[in-house]
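> Dock chain one against chain two, each of which comes alone in its own frame, and use the hints as you go.
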Amino acid sequence: MASLNLLIGVCVAYGAFLFLVAFGAERAALKGKSGWLRSPVVYTLSLSIYCTAWTFYGAVGYAARSGLEYLTIYIGPTLVMIGWFWALRKIVRIGRSQRITSVADLISSRYGKSNLLAVAVTLIAVVGTTPYIALQLQSVTQSFAVFAAADPTARTGEETQTTALWVAMGLAAFTVLFGTRNLDANERHHGVVMAIAVEAVVKLCALLAVGIYVVWGLGGGVVETLARIDASPRLGQWHVASGRWSGLIFLAAAAFICLPRMFQVLVVENEDERHLRTASWAFPTYVMLMSLFVMPIAVAGLTMLPRGANPDMFVLTLPLSQGQSGLAVFSFIGGFSSATSMVIVAAIALSTMVSNHIVMPIWLKLEPGRGAVVSGDVRNVVIMARRISIVAVLFLGYLYYRLSGGGAALAAIGLISFSGVAQFLPAMIGGIFWRGAARSGALAGLGAGFAIWLWCLFLPSFGEGVVIPASVMQQGPLGLSWLRPYALFGIEGMDPLVHGVLWSILINAALFTGISLFSFPSPMERLQGAQFVNVFQHSASPRGWEGGTAQSEDLMVMAQRLLGAGEAQLLFQREAARQGVQGYLPEPTGEFLQVLERELSGSVGAATAHAMVGQIVGRTAVSVEDLMAVADETAQIMEYSSQLEAKSAELARTARQLRLANEKLTQLSVQKDAFLSQISHELRTPMTSIRSFSEILRDSGDLSEGQKARYAQVIHDEALRLTRLLDDLLDLSVLENGQVNLNVTRVRLRDVLDQAVSATGADRGLMVLRRTPAQEEIWLETDGDRLAQVFINLIANAEKYCDAAQPELRISLRQSEGQMMVDFIDNGSGIETDQQAMIFEKFSRIGEQKAGGAGLGLAICREIMARLGGGISYLPGQRGAAFRVVLPQARAIAAR
Amino acid sequence: MSKSVLVIEDEPNIIEAISFILSRDGWRVASHSNGVDAVEAVEHRKPDLVILDVMLPGRSGYDILRELRAKENTGKLPVLMLTARGQTKDRALAEEIGASRFMSKPFSNAEVLEAVNALIAL
Numbered sequence: 001m002a003s004l005n006l007l008i009g010v011c012v013a014y015g016a017f018l019f020l021v022a023f024g025a026e027r028a029a030l031k032g033k034s035g036w037l038r039s040p041v042v043y044t045l046s047l048s049i050y051c052t053a054w055t056f057y058g059a060v061g062y063a064a065r066s067g068l069e070y071l072t073i074y075i076g077p078t079l080v081m082i083g084w085f086w087a088l089r090k091i092v093r094i095g096r097s098q099r100i101t102s103v104a105d106l107i108s109s110r111y112g113k114s115n116l117l118a119v120a121v122t123l124i125a126v127v128g129t130t131p132y133i134a135l136q137l138q139s140v141t142q143s144f145a146v147f148a149a150a151d152p153t154a155r156t157g158e159e160t161q162t163t164a165l166w167v168a169m170g171l172a173a174f175t176v177l178f179g180t181r182n183l184d185a186n187e188r189h190h191g192v193v194m195a196i197a198v199e200a201v202v203k204l205c206a207l208l209a210v211g212i213y214v215v216w217g218l219g220g221g222v223v224e225t226l227a228r229i230d231a232s233p234r235l236g237q238w239h240v241a242s243g244r245w246s247g248l249i250f251l252a253a254a255a256f257i258c259l260p261r262m263f264q265v266l267v268v269e270n271e272d273e274r275h276l277r278t279a280s281w282a283f284p285t286y287v288m289l290m291s292l293f294v295m296p297i298a299v300a301g302l303t304m305l306p307r308g309a310n311p312d313m314f315v316l317t318l319p320l321s322q323g324q325s326g327l328a329v330f331s332f333i334g335g336f337s338s339a340t341s342m343v344i345v346a347a348i349a350l351s352t353m354v355s356n357h358i359v360m361p362i363w364l365k366l367e368p369g370r371g372a373v374v375s376g377d378v379r380n381v382v383i384m385a386r387r388i389s390i391v392a393v394l395f396l397g398y399l400y401y402r403l404s405g406g407g408a409a410l411a412a413i414g415l416i417s418f419s420g421v422a423q424f425l426p427a428m429i430g431g432i433f434w435r436g437a438a439r440s441g442a443l444a445g446l447g448a449g450f451a452i453w454l455w456c457l458f459l460p461s462f463g464e465g466v467v468i469p470a471s472v473m474q475q476g477p478l479g480l481s482w483l484r485p486y487a488l489f490g491i492e493g494m495d496p497l498v499h500g501v502l503w504s505i506l507i508n509a510a511l512f513t514g515i516s517l518f519s520f521p522s523p524m525e526r527l528q529g530a531q532f533v534n535v536f537q538h539s540a541s542p543r544g545w546e547g548g549t550a551q552s553e554d555l556m557v558m559a560q561r562l563l564g565a566g567e568a569q570l571l572f573q574r575e576a577a578r579q580g581v582q583g584y585l586p587e588p589t590g591e592f593l594q595v596l597e598r599e600l601s602g603s604v605g606a607a608t609a610h611a612m613v614g615q616i617v618g619r620t621a622v623s624v625e626d627l628m629a630v631a632d633e634t635a636q637i638m639e640y641s642s643q644l645e646a647k648s649a650e651l652a653r654t655a656r657q658l659r660l661a662n663e664k665l666t667q668l669s670v671q672k673d674a675f676l677s678q679i680s681h682e683l684r685t686p687m688t689s690i691r692s693f694s695e696i697l698r699d700s701g702d703l704s705e706g707q708k709a710r711y712a713q714v715i716h717d718e719a720l721r722l723t724r725l726l727d728d729l730l731d732l733s734v735l736e737n738g739q740v741n742l743n744v745t746r747v748r749l750r751d752v753l754d755q756a757v758s759a760t761g762a763d764r765g766l767m768v769l770r771r772t773p774a775q776e777e778i779w780l781e782t783d784g785d786r787l788a789q790v791f792i793n794l795i796a797n798a799e800k801y802c803d804a805a806q807p808e809l810r811i812s813l814r815q816s817e818g819q820m821m822v823d824f825i826d827n828g829s830g831i832e833t834d835q836q837a838m839i840f841e842k843f844s845r846i847g848e849q850k851a852g853g854a855g856l857g858l859a860i861c862r863e864i865m866a867r868l869g870g871g872i873s874y875l876p877g878q879r880g881a882a883f884r885v886v887l888p889q890a891r892a893i894a895a896r
Numbered sequence: 001m002s003k004s005v006l007v008i009e010d011e012p013n014i015i016e017a018i019s020f021i022l023s024r025d026g027w028r029v030a031s032h033s034n035g036v037d038a039v040e041a042v043e044h045r046k047p048d049l050v051i052l053d054v055m056l057p058g059r060s061g062y063d064i065l066r067e068l069r070a071k072e073n074t075g076k077l078p079v080l081m082l083t084a085r086g087q088t089k090d091r092a093l094a095e096e097i098g099a100s101r102f103m104s105k106p107f108s109n110a111e112v113l114e115a116v117n118a119l120i121a122l
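Residue numbers (the UniProt record's numbering), protein chains in the order written: chain A, 1 to 896; chain B, 1 to 122.
Isolated chain B, as found in the complex (with noise of 0.2 Å):
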């Protein structure tokens, strides 16, 4: 059985790129493009890891990642987060907040796949 990831991203393009590469690498991608109901995508679709983007329509990556660590199924899930404000204080507050890793766009194609592959390893 591969490994499920689930991308909550609202850029088309780079939810296209994302798909692409992961399921070449042989991942099921789902893709949700809103911060509203994300955390409810996650519970739904029970993933190995998710792919967060940190600005999203409706609701901020932080505000998702916190309720999903503070839930009980989904607190060790990993999570990777990306950002597009490549600013120092987003990466503490993502790591405060309990990423499992940070990464700012752009980023090169074989990263995401090494940071994937090395989370879902732990």
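Extracted from the complex, chain A is given alone in its bound form (with noise of 0.2 Å):
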């Protein structure tokens, strides 16, 4: 009788065993003899954790419980494996080509990496996978306390309990040791897949051990074996619920893909695509082996055990009753490599995906800037966040066996737990074959189905009245029936498992496919859509990155701290050497960015390191969707054609602007050459007559007196008028250079006007009618002086040009919108309308010659307005001439 110390020691002695298995294994690949470890044979026995212990223990249990039922388990796979070998290629593939680590880096990827749907994943295969562990730990546990009770020496009761906890240490132990060597999760775990392959062969080994045993050991050959199936009440007849067998078929299926453990093994640790192409034969080759035997033993175990003993111990109790301890031993390291096999896998692959999709997003947030560029080494961080990640599962795991109480409800989580994982399904498949399918719509048919997995499978697996209390199983929550968790939508008398799966994958996949058809992807998803919908026609990767000011330095630093620096300069050095440049650092390119970010997502999953990059480039996520812009023709052309048309327009302004500016600067010249012509000519004028008069006077002695008198007369003239012309001048080039000094005072406007009627004189015979004296009342704040010089201007005007018989000059003031204006009116023949635009310019004179002007009084008339703030303008249709001086608008009111 093996006791139960013994077992232990088998156990200690098999684990070191393992470990020895898996540091060869590693030093082999290290050493680069890793041939024969990448053999496809690895490979498929590799995807046997498939086979856990719920399958080595469990299916015999199933068998003896529900018949050939136990099949469907087997039969999800076996048609995944060959019918869908095509699909699984695809998911291969894109694995693969993005580099992809775990489920949740699958679907984040595919949906524009996008790190919240990386985290629901994760968290539902955390949930998922939970009690899974907890069934791996219970069956150990449960072999133990079969060898416990056969043991006489043995203290039963809290020992046995405490044996899941010393379980999930060891193997917590072995995963973090072979689990996490290497960081590059896509550098693959060669000694935790040697020693699974190992495992497999163990079980597979032991089980067909105990079946020949019981088949030709104790039934006496295949015959009678099979005889006594036929007998059996329970086993011998063939009936199959249809809809509970496809269910089950399908659900073994999808889980089969979904299944975070598969996903590592299937996909992440694929060492080559051929591989898939033998397991496709091999794995349902292996599955039916470990099927062959269930129905005899469980035909045996019924028959020859006594009544109540637990049918998914037969694998043990069998060997132990007929006293083959020694079998019962190998029995039970088959049913430990099952278990074990599958929670060191699930634990790594739950690691990679909460430490790439949980940790390390928050430690980026944490420390922002220095997540990528700083010292200190991420490596350890990220090693450090998948280590604490595995504990965390398997205690989680070890929890979950505790407060479940590890009874025989256990036995059905197994595929409450394929239901949860299968909720991937969805997303991954519309996913990888339809470019349409978009994030909103992934995450709400991932939630959705989640939810409904939680409230009509997950929850009531702890037990009618554990978690949700037996009034609401029945009546529903707050008495809405149509809620019941196994009867929705008033759907009553189905299968519960049949009803959950059926409800939330329904619901998961409904949403999926509605909120995708109604939603537009992101730039970001649509070009992954096409990476992971095309990959097969894609041989390139998408390039992530274009341009930028990238320091290769940095992404250097970056990289040796993810990498490993060995692995980063290489990586870097065949950069370089492929760009054509020397040393280890290469242009910063779109491609080797690409590259780039790639090797890193193997480390810290597409979104993280798709972030990380981003930091150092300077650019997040931006690239991409500038990409789909400058891809997306159309908007190009059109950008543009529509630049060139702004460019065309811009010149042509350019051009009619410099032309304006030449026509300016002509004009001025001529402007100024007829300035200057016009003031030789007035200054001249009347220096000829000073001249000749006086060289008149001083050479001839005989004139008379009246003649001397005449003479000195036009001199004296001639010089005043000279005067006055500088004068203006003057006046002028002050007035129009802004350099006028205002003397602003408060003045009536009527002392104004008096002032420049008197100083005009009026002695031609001028009349000033004074129109509205009673308006001339106002006050101004102005200057006095100027405005009486416009005044008398105007006034003397009147008086040089007016051609009446009796001329007289009508001065009334006028008010419109808030102007004050004063008009000058007499009665001649006015000015001409062509002239009329003409007479404020410089020089200009109207009509005969008449001594005096020099044609300046208007134009100093029209700048002294301009400096007080108001205007003046000839007045047309007054049949006299007609001039109109609006003052100055805020003054006036002001001084109201």
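No false leads were slipped in.
Derived list of chain B stretches under chain A, where covered just means 3 residues or more per stretch with a C-beta under 8 Å from a C-beta of chain A:
| no. | region |
| --- | --- |
| 1 | 8–14 |
| 2 | 20–26 |
| 3 | 99–108 |
Honestly, the hints are just simulated from the structure, not real lab data.
Cβ coordinates follow ideal geometry from the N, Cα and C atoms, glycine included.
See below:
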């Protein structure tokens, strides 16, 4: 009789053996002698983690309870392996080309590297896998219990309960040691895979040994065994509940693809796509061998063991009951292998997801800026995150095992766990076959499916009344009967499992499809979608990064800390050589950044790698959208042409401005010439008279007194004219240059007009009529002398030019739209229309030349009024010459 | 028979000065102060010499000279041009059109006398 101590010893020895295998494989891989490690056989065997302790022990129990139904668990994966080979190949190809590290990474990467989605998938995976890990712990504990029961020296009770804890701790240690040696998940865990392959052989051999013993040792051959099966009341009958069968087959098939641990060995640990071809027939064969002796063992157990014996433990108890302790220990090791391999791979897969999608993003966020560049080994952070995740996952499993009490209820948890992870299916399959699949759809589908799964399958699995009260199970929450966990929407009488799977997957898929149809994926999603769906057509990777000012050195620093110095240097050197650059620093081209990002994503996941490279390159996620914009040719061409249009319009505008400026300059130059010419003329004319008459006075001695006086008067007048002209010129120059000093005081308009009228003297018979004396009583805040100058000029002009027989000038005030205006209108013939515009220009004179004016008066008036803040203009249509002086507005009002 | 001169000028004081100088020298002086009908005035008075100002109201002295030179009976008439714009290009333009003599204002009386006598002696 095998003692418990012996069993523990065997366990420890077996563990040590696995350590050695894993260690040896790692060493061999390191030395490059990994050829035999990379064989399709190892790959196929590693897939066998699908067969866990639950299958090893539970299949027999399942068969004992429900007949052939246990086969569904094997039929599902077999169908996938054979019938869905092309789909698997696509997933593997995508996984390799995108350096996918987990299910969460696959889904997140497909839907625009969305970390939210990755977190959701990770959480579902953790929740869905924890019970399964608990199940493994339970099976190991139970098998210990079987031996303990048979060993009189063993201490029972609490001792066996702690077994689970010890097993969990041992597994954690093994997983930490071999699961987190390499950071890059895509470098694969040679040691672990090898150990799993060995375990696969051990568990198959163990089960086969028990089977052979049962059939030939106990049953007396194949014929007798078949006869006994036939005779069995429960197993012999071929009754198939087609709904439940197809449901279970679907579930097993979905789980085979979606289970994080299966994804790990199937995709992540895949060395060579061709291995899948071998596995497509080898794995079904393995599964068939595993299930071969399930029925005989079940029948033998049912007939030979006492009633009430746990059928889940027949594989152990049958040999034990026959005294075959050696076989029993072998069988125990088979079960132990099944449990440990599953837990190890599941823990690695989950820890990768947790650290990449939850811990790293949080860490990056907590340390903004320094995440990727500043010193400190990021590798350590990642590896610590993984290790802690592994321990946490195993502890969760243990906790679940303790809380659920390790009862028979656990047996059903396997399928419930399957249906939890099956929620990934729509998003995953939709994502790799349908380009229209959108992130929002995936999120909604996952969320809804997960919620229904929680309500209908997971929470009730704790047992009636544990989490969900019995009343709710019967009547629904808050009396809403359509929400009863086993009869959603009032559909009763279905198998609870099929019911839950049906509703969760149905609603999941419906939401996923519906929302995807009605939402428009982001450019990043569309790009990734195209990469995934057309993975076989696209050999090139998406160019995520274009241009950019990335510092190659910074990238190198980051890469060294993620990939390790040697690895990173090799990568950089290789890329530099490919670009034709000497040394270790390649140009940060889009292509190089793409390669680097993919390498890094093997370590930290696509979303995180993208973010880290983004931190250094200085752009986050923008470039892909840029790229999409560039790829959108129509938009590009339209933009280009509109730019051209804008440019040519701008050119035309500039040319017009230049032409205008040129014209202005030419005009100015012409004006200057004309001005100089005018001044010359205006100066020389009086000087001619002065010179001529002064010579006459000098040279002619015979002049009469009258002549002398007259000529002296001419000289005097012309000298005055000259002075006046110079004064005007200076005045105008000062006014035009804005250098004039205004002497602003408070003056009454009447006083200003009085001053002007008296200054002109009105000696030539001009009648000045003040038409609106009452309105002249306003006060102005202005330069009174300057305003008077304007008025004097206008009155003098009327005196000079008014050609009426009885000339008169009417001065009237007028108010309009808040403006105060003074009109000077004479009764002459006025100014002709074509000359009205010219009269304010310098040296412009109208009609016959009369002595005195140089043509500067009105030009000066205009300047003065502009300085005072008012204006002067010619008022056409008044019969005589009419000038309107607009008084400085603000001042006029303020002065009231 | 004394020589006759027609002064085409718009400044009354200058007309008076020139008239005084030339009449003391024995010239018969007539004046015309408008550009528009200056050519008719010349044709009508048939002077031996014309003193022509450039800047005249109504018509420029250059235009008047051009017309005089174009006509058969006045084509060779001596014309002394006076201008208050003493720029080189004015002188060049006057010579090109065919002014017999060009003087800029202000002039010296002796110079004017010398010029008109020289022109008439040709």
